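Undergrad: Letter by letter, the chains look like this.
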Amino acid sequence: MIITSINRAEAFRYLGIKGAPDNATLQLANECEKILLSEMTPKFCWTYADISENSDNAVKLSGYTLVLGGNDISTHLNGCLGVVLLAATLGNSVDMLLRKKQAQDMAKAVILDAMASAAIEQVCDEAEKEIAEKMENKHFTWRFSPGYGDFPIEVQNDFLKALNAQKVIGLCASPSGILTPTKSVTAVIGVHEKSVENKKLSCESCNMRERCNYRKTGGTCQ
Amino acid sequence: MKKEKFYKLLSENEFVFLDGAMGTMLQAKGLETGGVPELLNLTKPEWLTEIHSAYVSAGSQLVYANTFGANRYKLAETGKSVAEIIPAAIANAKSAVGDKALVALDIGPIGQLLEPTGTLSFEEAYDIFREQVEAGKEADVVVFETMTDLYELKAAVLAAKENSDLPIICTMTFEQNMRTFTGCAISSMAITLEGLGVDAIGVNCSLGPRELEPVVAELSKWTTLPIVVKANAGLPDPVTNTYDITPEEFAESYVNLVKYGVKLVGGCCGTNPDFIRAVVNKLNGMKYTKPEVKLEAAVCTPAKTVEINQPRIIGERINPTGKKLFKEALKRGDIDYILNQAIQQIEAGADILDVNVGLPDIDEKEMMVKVVKAIQSVTDLPLQLDSTRPDVLEAALRIYNGKPIVNSVNGEEGSLKAILPLVKKYGAAVVGLTLDEGGIPKTADGRFAIAEKILDRAQKIGIPKRDVFIDCLTLTASAEQKAVMETINALHRVKTDLGLKTVLGVSNISFGLPNRELVNCNFLQMALTNGLDLPIINPNAALMTGAVRAYKLLTNIDENATEFIAAYAESSMTTSMSSTSTTPVQQKSGVTDLPTAIANGLKSEGAKITEELLKTHDTMDIVDNMLIPALDKAGAEFEQGKIFLPQLIMAANVAQAAFEVIKSHMSAGGETVSKGKVVLATVKGDIHDIGKNIVKVLLENYGFDVIDLGKDVPPETVVEAAVSHSVKLVGLSALMTTTLGAMEDTIKLLHENNVPCKIVVGGAVLTPEYAEKIGADYYAKDAKETVDIAKKIYS
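Protein sequence lines correspond, in order, to chains A and B. Position in the first sequence (from 1) plus 1129 gives the number in the numbering used here. Position in the second sequence (from 1) plus 408 gives the number in the numbering used here.
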């Protein structure tokens, strides 16, 4: 998988930039994009598992000890036969790059940080393309990550274990559930036999709703 | 002795056959994915004896006990201890194999990343491995496998060496790009582990034996140790979880690996006894071939190996001697200042960095460890650890990631006895100074004799000749003009007669003379021509770095002038080779006032204008009437949504440059510009610190002294810093719902200790209501608001 450009619009949105960025910011962005593309080593891994039980607040998978907890993930997977477990990372080199730039030039560091956040979403998009190719004639929900709604962040370690993610892509979680390398994502994708209405996550179920900057100004993050 | 048994196995067999996969075999027997395989040692011992026996029947001579993840971190949720699981696993293996095979204590990665990316410290990692090694003493060998982090592996090897007499096998997992996930190069793995004195090294997992061929080929160039290969059964399919090659194909690929000196062979994920049987049959009748390898001098970090096969620049700037600002930075623990010294030298062309933090008023050992860890978290240049104290050197050698240089040992008996064993134990290279109890010999002969003595003593305790670098010592030309050629002649003889690499601090030569750089530069050229390998210089001095580059060009080391052109093509040599700076000529922007420079993010203009202003204005006048109002304006525009975060920080960067000029002006006069001290920390368990760092930059540029405690900071450390610096404000950040608890604990502890300070908190998951609930005095929604709060408190 090769990513040749960073989704700048998304990165600028993370930085809170409204409208067209000024020239100085654009100039830094050009430089940062080049560095990030050369430093990052994106990787992802995924696996398919059948759902053995979907009760109100927990989804069980056959052959796995992993349990997906919470009402929101349960609703999200309603009607699904199985799930794809996905993990993706930009790699350890990006963490070193971010540390270095924070010591050297904070303006570049914040732009790089936002670009890396955009890049990891792009890696997940690439992963989804591969999943759709390998699993023909299946339909998929959007990506639901630990920490969304009431799907607890504490599941990270078990989630990574189910994918053997440390061995396969070098991804771990700290005891407090932080993914390391830090620019990484884990997500659950529901798998249907028939086409499904791809419901968006609503503000009502979002655990950021009280402090969301998008909502404060009347918008949403989607 | 365990070692003898292992070496007998190696010497009596052309190849030593290991076993194949354990995890996939257990899954075939019914273990669920995500389940803890090590528990089966207690609950299903018969499964394990069956698997071990099947491997021995297939021809395995060394089997790995089912202990891969049996560490306290991974076992925590099971209710079983390391001391229960590991001896049971080894007993299962022993009972299955009898005396037909040896049994290895198998140890995999801990399961969380080490600092700096993760939160696990090197010392904690060591302790986790120590517990495993102590529980596994009944084994014949200890194997560390599937490692991707050389730092974690170093902790493991030290734990094994210091707590057992087991022979040590280390295998790491490399990807097709010839690196591990953490970026470790094959060369760095080989020279670090051979230095630490392990018994066999190699690769396992990730790829099939065919894809691993280039990895094994590269490894064979860098080691004299027996090589281990435990490949996967090809590559896995994500949908079916099956691997793609047959035992026959697997074995066929191993035949190709024999020529690289592969001695111990087995299988990893997806293999089973059929794969081992096929390899045994295939290699039957073949001869082990040890490749001819002559190892050359080299030092490394995980990501970078620097071979000393041409002149390499050692940057000398991380050293407080004679540097006021550096001393002040050390005293207030300003690690960022030191990191910037490191980054600057790297960008100027340094290959290795000398690190010296010796200062009478500070705890040198603690500071050395802190600085080495910090430098290694932002760069991958190898370091030269520089101290006069053996305890400081040992502490640094222990936590250094890779193979460093020790600076230094000398011909005195006390020094030889104290330093050389450390160099041997940690597998470093060492600088030997040609002086002894009688001081520095006046003649080249005298210095050569000491070099010979140091080499002899090093070799006697097992330090290879290639790791001894000799410094023939530069004396000041103004005081001892005759001695200059003695240094050069001694260097020449050490290089040609002893065949050792040479190192020399260059700048000292011109002390007390006018036009120092001219003298330095010529002396450097003389030394290079006479065989100097490692000039210790200020790489920021463009003429000095340029002299090394020109030497490499003229001696055809820099073929096709590639490096030379890369360094200078974009700048005009005639204008940029000013004597003191590598900074390219600034473009004229026409900006002459500080507020405009700040508003437009013009950093170097900001610094220049400040220097001019200092000639006519009082420092506080510049700070209060120009810098701060300009920052306030940027802050207000940020609040109004007219400018955004990157621009706000660019404005702060200009102010920072201006402040640096003011500070160096003031430190000469002994005044201070501080508006007050603030302690900042990202709380325990949290490693997202970019938000905290933005706050730091802004606070500093408003004239506050920030005591930055970093990330993952325990509550006690915050309390200690708040008390010892008597601050009025502590800022805490947390970005995860899971770390808000640690924030609350920190606030509680500050209150319990009656620390008379206000507390401001921030971070994405916080709300003003929650901040109040956990006892914070203020909630700040962004960096700008934190500055406003600090200004209010210190007004």
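Please keep in mind that the hints were generated in silico from the structure rather than gathered at the bench. Be aware that one or more of the hints could be misleading.
[To be verified] Computed footprint of chain B on chain A, listed as stretches where at least three residues anywhere in the stretch have a Cβ under 8 Å from a Cβ of chain B:
hint : segment
1    : 1140 to 1148
2    : 1159 to 1169
3    : 1197 to 1208
4    : 1220 to 1228
All of these numbers come straight from a predicted model, not from anything done at the bench. Ideal Cβ positions, reconstructed from N, Cα and C, are used throughout, including at glycine.
Undergrad: Hint by hint, say whether it matches the structure.
TA: Status of the hints after comparison with the structure:
Residue count for the segment 1140 to 1148 of chain A with a Cβ under 8 Å from a Cβ of chain B: 4. That meets the three needed, and the coverage hint holds. Counting residues of the segment 1159 to 1169 of chain A whose beta carbon lies closer than 8 Å to any beta carbon of chain B gives 0, which falls below the threshold of three, so the coverage claim is violated. Counting residues of the segment 1197 to 1208 of chain A whose C-beta sits closer than 8 Å to any C-beta of chain B gives 0, which falls short of three, so the coverage hint is violated. Three residues within the 8 Å Cβ limit are the bar, and the segment 1220 to 1228 of chain A against chain B gives 7, so the coverage statement holds.
Comparing the model with each numbered hint stated earlier shows that hints 2, 3 do not hold.
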